[in-house]
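Work out the full structure, taking the sequences as your base and the hints as a guide.
Chains as they are written, first to last, in this note's numbering: chain H, 1 to 120; chain W, 1 to 686.
Source of the hints: derived by calculation from the structure; they are not laboratory data.
Any given hint could be a false lead.
[What the hints assert, rightly or not] Some but not every residue of chain W turned toward chain H, in silico, with C-beta under 10 Å:
1) F153
2) R154
3) T255
4) I257
5) G258
6) R312
7) R324
8) G326
9) A330
10) S337
11) E368
12) S517
[Said to hold, decoys possible] Over the 10 Å line for every Cβ pair with chain H, so calculated as not near, a few chain W residues:
13) S55
14) L135
15) E151
16) D219
17) R445
Ideal Cβ positions, reconstructed from N, Cα and C, are used throughout, including at glycine.
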Amino acid sequence: MDETEMAKERGTAAPAARPDERLSGRLGIVVDGKTVAVLRMEGGGATLEPGNGETRANVHVTSMDDLGRIARGELNLIVASLRGILSLRGDLSFGVRALRALERGITVQGADRNWTRNGG
Amino acid sequence: MSTVSILDGNTFVVSDHRGDIEASPTDTMGLFLNDTRFLSRWVLTIDGLRPTLLSADDLAYFRVQFFLALATGTIYVDSKLSIVRRRSICDGFREELEIVNHDRQPVTLKVRLEAASDFADLFEVKDKMTKKGELYHKVENGRLLLGYKRESFRRETIISSSAPGEVKDDGLSFEVYLEPQASWNTSIDVSASFLRAVREPKARPRGSQPEGDPQMGRDLAKWIDEAPRLVASWEPLGNIYKRSLIDLAALRFATGIGPGALPAAGLPWFMAVFGRDSLITSFQALPFAPELAATTLSTLALFQGQSMDPFRDEEPGKIMHELRLGELTAFEERPHSPYYGSADGTMLFLILLEEYVRWTGDRALAQELEPEARGAISWIDRYGDRDGDGYVEYERRVAETGLDNQCWKDSWNSIAFADGTIAPTPRATCELQGYVYDAKMRIARLAREVWGDPGWAAALEQQAAELKERFNRDFWLPERNFYALALDGKKRKVDSLTSNIGHLLWSGIADDDKAQSCVHHLMGEDLFSGWGVRTMATSEASYNPIGYHVGTVWPHDNSIIAWGLRRYGYKAESAMICRAMLEAANLFRGRLPEAFGGYPRRDTHYPVEYPTACSPQAWATGAPLLFLRALLGLDSDERHLIVDPAIPEPLGQIELLDLPGCWGRMDAFGRARAVRETGPSPIPAS
Numbered sequence: 001m002d003e004t005e006m007a008k009e010r011g012t013a014a015p016a017a018r019p020d021e022r023l024s025g026r027l028g029i030v031v032d033g034k035t036v037a038v039l040r041m042e043g044g045g046a047t048l049e050p051g052n053g054e055t056r057a058n059v060h061v062t063s064m065d066d067l068g069r070i071a072r073g074e075l076n077l078i079v080a081s082l083r084g085i086l087s088l089r090g091d092l093s094f095g096v097r098a099l100r101a102l103e104r105g106i107t108v109q110g111a112d113r114n115w116t117r118n119g120g
Numbered sequence: 001m002s003t004v005s006i007l008d009g010n011t012f013v014v015s016d017h018r019g020d021i022e023a024s025p026t027d028t029m030g031l032f033l034n035d036t037r038f039l040s041r042w043v044l045t046i047d048g049l050r051p052t053l054l055s056a057d058d059l060a061y062f063r064v065q066f067f068l069a070l071a072t073g074t075i076y077v078d079s080k081l082s083i084v085r086r087r088s089i090c091d092g093f094r095e096e097l098e099i100v101n102h103d104r105q106p107v108t109l110k111v112r113l114e115a116a117s118d119f120a121d122l123f124e125v126k127d128k129m130t131k132k133g134e135l136y137h138k139v140e141n142g143r144l145l146l147g148y149k150r151e152s153f154r155r156e157t158i159i160s161s162s163a164p165g166e167v168k169d170d171g172l173s174f175e176v177y178l179e180p181q182a183s184w185n186t187s188i189d190v191s192a193s194f195l196r197a198v199r200e201p202k203a204r205p206r207g208s209q210p211e212g213d214p215q216m217g218r219d220l221a222k223w224i225d226e227a228p229r230l231v232a233s234w235e236p237l238g239n240i241y242k243r244s245l246i247d248l249a250a251l252r253f254a255t256g257i258g259p260g261a262l263p264a265a266g267l268p269w270f271m272a273v274f275g276r277d278s279l280i281t282s283f284q285a286l287p288f289a290p291e292l293a294a295t296t297l298s299t300l301a302l303f304q305g306q307s308m309d310p311f312r313d314e315e316p317g318k319i320m321h322e323l324r325l326g327e328l329t330a331f332e333e334r335p336h337s338p339y340y341g342s343a344d345g346t347m348l349f350l351i352l353l354e355e356y357v358r359w360t361g362d363r364a365l366a367q368e369l370e371p372e373a374r375g376a377i378s379w380i381d382r383y384g385d386r387d388g389d390g391y392v393e394y395e396r397r398v399a400e401t402g403l404d405n406q407c408w409k410d411s412w413n414s415i416a417f418a419d420g421t422i423a424p425t426p427r428a429t430c431e432l433q434g435y436v437y438d439a440k441m442r443i444a445r446l447a448r449e450v451w452g453d454p455g456w457a458a459a460l461e462q463q464a465a466e467l468k469e470r471f472n473r474d475f476w477l478p479e480r481n482f483y484a485l486a487l488d489g490k491k492r493k494v495d496s497l498t499s500n501i502g503h504l505l506w507s508g509i510a511d512d513d514k515a516q517s518c519v520h521h522l523m524g525e526d527l528f529s530g531w532g533v534r535t536m537a538t539s540e541a542s543y544n545p546i547g548y549h550v551g552t553v554w555p556h557d558n559s560i561i562a563w564g565l566r567r568y569g570y571k572a573e574s575a576m577i578c579r580a581m582l583e584a585a586n587l588f589r590g591r592l593p594e595a596f597g598g599y600p601r602r603d604t605h606y607p608v609e610y611p612t613a614c615s616p617q618a619w620a621t622g623a624p625l626l627f628l629r630a631l632l633g634l635d636s637d638e639r640h641l642i643v644d645p646a647i648p649e650p651l652g653q654i655e656l657l658d659l660p661g662c663w664g665r666m667d668a669f670g671r672a673r674a675v676r677e678t679g680p681s682p683i684p685a686s
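In structure tokens, the structure reads:
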């Protein structure tokens, strides 16, 4: 166990943070100009759904796998944006929060194994 | 070379006094946006000659005009041409070029603007690096397009003119015929473009905002109008105050993620979001512009650390250090996406949150940020204290890219023993422990009064009390009568005398009797230069009056020390620092730089400039605001404005009208009295 791991085991933890229920809304996922799916954030959880409809924000990506790489912790959100393979439109505050949740490794209902760290 | 800068947020143009840009690979001339240089050459010639400067006038932080003439080479022949370049910033810049013929004869001129871009990342400029991608240029639809491509990373500069001309790969040329007394003008737009591989709706090109300039003028007028009004009998104070407000306006940085703006750290190297700098500047400016604090807190909360990432020094709950948007960040050759290598930002986040709520009464923000506050406290205990000794310490996880020092004195040699030996890591600097103490005490108040969690509040207060007790035992140097700068990696006390002890007064962690000794040192000749408290005392082996963190005087450091002295009741000493720093500011024409030389005032009579200081720099800009707060003794109990002035004689009377806060708007007055006589704690004789 390295020092960091030891640190995790040690210390007085603050009371657990409540689930991030502030995060509520639909994030459209747009590939090649078309909305291919929606990430619904609700009650601290996330669900990937087909279809389109009204969204708070849209994330434009070159492919669905870009989001999979973010969810697997392989692609940093800022890096993706700077390299021009991801951009956000709409309510940016919500969009960033949703993508940061994805980056954090939140479990996404309805997503395939490629969205899971270590392949599930 | 002396330069002229205009800026808005993280967009800035640095040129020479003629308005020309001739960047070398290692200097900061150019047009910069998002940490990338979009224009590195911009040179005006007329008939092959470089006009000479008559005057360069900063009309506003976002607008400048250059008056030029074509030199004749002799004082006996007047120049027949006036040239005016009016430049204003938007998402690039717009330049209005006007040429007037004062001759009785018509004239035909060849006007040329050379243009080029190296698309250097700011870090490449700073660290003398070479580029890895491909530069290109082309003429398209009468516009000059300069570009850079590295995989999917593409940036372009587009240059267009309102007057018809010849556009080539290296610039624009105009054949101009002028009758006697006639004038010619053109408007040239230089706009930056961030191209993406992803297909997305077409956005308005950056830089195409002809309304940008007047809008910024209105915005600045509103900003000044909404700030408290200062009436001061010492005339320079009004200029210093106005300069601070204008520079703060210039440094505001809208991320676009949410409403509002937060302060970027400083021109030219640090026009980015910095945790520590934005937090401290927002603290300094809180009584004057509380909205900066709200935006800073919300933005930093959004990027709070959430995983273990050694490359970025990221840990769950940690507040970020620095966010950069250039090429090196994009290719992860630098860790700033964002980088989390500061050990104090997390505590400063908590301190500012409580201070903001107490000043404004805006409990809604505290409610909104409760999860982040809990996460930050958790970081202190679980990750900040790396080895379980009860103190927060730091050590970078990746030597090649991480910061060696992760406290505010972040240069390599700042944490040294009295004999000059550099302290080994991990380093637990003293002010970090003070910040932990203060953060826990403040968050305990929010837990009890806002979040309805008295159990957690009591636990935090207990932890803070225990920290204070062991800190006063473990960091005290009885043989020198001050606190150690740090505990090093072997838990040895780093025994040099530094300004850090002043931060312990701000945080409240110092025992009263020990605080008295610290005040004695802070105001003694070894630390106090006559202009301010030096970062390191002249008595220490590492001392250098122009050493970045080992002898220079930092205005923001002094503002924190002055406010800390007030906390312990040392009003006269606080006022002495405020007065000296404001006198220095006056000699710097109202604008305090990031740092200046630590030479004794009695020898130099003028504060000596530090060669590479950022100016304007956010927390130096905020320092006069905290000095004003200290002089008037302004505080809040979340219901009332508290005013307790201690103003030294030369500053006379100070009035701050319409101070915003939880009380709405209130006025504060103070006039000079013999504050030493009323001070509660006289300094012991040396």
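Structure-based check of all given hints:
1. F153: 5 Å, holds
2. R154: 6 Å, holds
3. T255: 8 Å, holds
4. I257: With a closest approach of 5 Å, the I257 of chain W hint holds.
5. G258: Since chain H brings a Cβ to about 5 Å from G258 of chain W, closer than 10 Å, the hint holds.
6. R312: 8 Å, holds
7. R324: Where the cut-off is 10 Å and the nearest Cβ of chain H is about 9 Å from R324 of chain W, the hint holds.
8. G326: This hint holds: G326 of chain W lies near chain H, its Cβ roughly 8 Å from the closest one there, short of 10 Å.
9. A330: Hint holds; A330 of chain W Cβ to chain H Cβ min 4 Å, cut 10 Å.
10. S337: 4 Å, holds
11. E368: OK, holds: E368 of chain W within 10 Å of chain H, min 7 Å.
12. S517: 32 Å, violated
13. S55: Nearest chain H Cβ is 40 Å from S55 of chain W, so the label holds.
14. L135: 17 Å, holds
15. E151: 7 Å, violated
16. D219: Holds: least Cβ distance 21 Å, greater than 10 Å.
17. R445: 15 Å, holds
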